[in-house]
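**Student:** Sequence:
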Amino acid sequence: MTINERLQPNSSVMLELASDFRAVLESLDWGCIGKSGEFPKGCCHYASGFLIDFLESRGVVGARLVRGHYEPDIDNAAHYWVEVSGLAIDVTADQFSFCDEPVIVQPASEWHEPNFSFARMDVDRTYHSSNPQLCALRISLEENLTRG
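So the sequence shown is residues 5 to 152, counted in the working numbering.
One should not assume that every hint holds.
Claimed, not checked - Computed spacing ranges between beta-carbons, pair by pair: (1) Gly66 x Gly35: 27 to 33 Å; (2) Ser16 x Arg68: 30 to 36 Å; (3) Asn148 x Phe102: 16 to 22 Å; (4) Glu105 x Ser31: 28 to 34 Å; (5) Asn148 x His73: 19 to 25 Å; (6) Glu147 x His73: 30 to 36 Å.
Worth flagging that the hints you see were computed from the coordinates, not collected in a lab. Every residue gets a Cβ at the ideal spot worked out from N, C-alpha and C, and that includes glycine.
I would like the entire structure built from these sequences, with the hints used as guidance.
**Tutor:** Rendered as structure tokens:
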């Protein structure tokens, strides 16, 4: 889906965008990024930051990164997703044993609030520029999105 003007987000549009984005994420070589080097486990921070960039390139404004904390799962205690216009968009939720959905797009508190304590934050746009592996991953992501 290509959007050239400012987009008014709704759940069906966001689900289509996020699903397309997730498909590209799955095709990338995550190497040693994340907990196991296998997407999506441990890749939520970078994937969510990249998702914000992707949404902005499609005309979506106001997306924010959210950091959650999941106590019962010490190995994956921190988790990141995106919120925009009252919707939570999570392209890595299935890294947790209690979720089978690869992409979640729901009202902001519906899925995450019962499972995580969380805080909204602004995205640090430089997080990937100092890490060569993340730079390479971002370039590969952009190339794949341009082709798709």
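**Student:** Are the hints correct? Go through all of them and say.
**Tutor:** Results of checking the hints against the structure:
no. : hint                        : in the structure
1   : Gly66 x Gly35: 27 to 33 Å   : 32 Å, holds
2   : Ser16 x Arg68: 30 to 36 Å   : 21 Å, violated
3   : Asn148 x Phe102: 16 to 22 Å : 29 Å, violated
4   : Glu105 x Ser31: 28 to 34 Å  : 19 Å, violated
5   : Asn148 x His73: 19 to 25 Å  : 31 Å, violated
6   : Glu147 x His73: 30 to 36 Å  : 34 Å, holds
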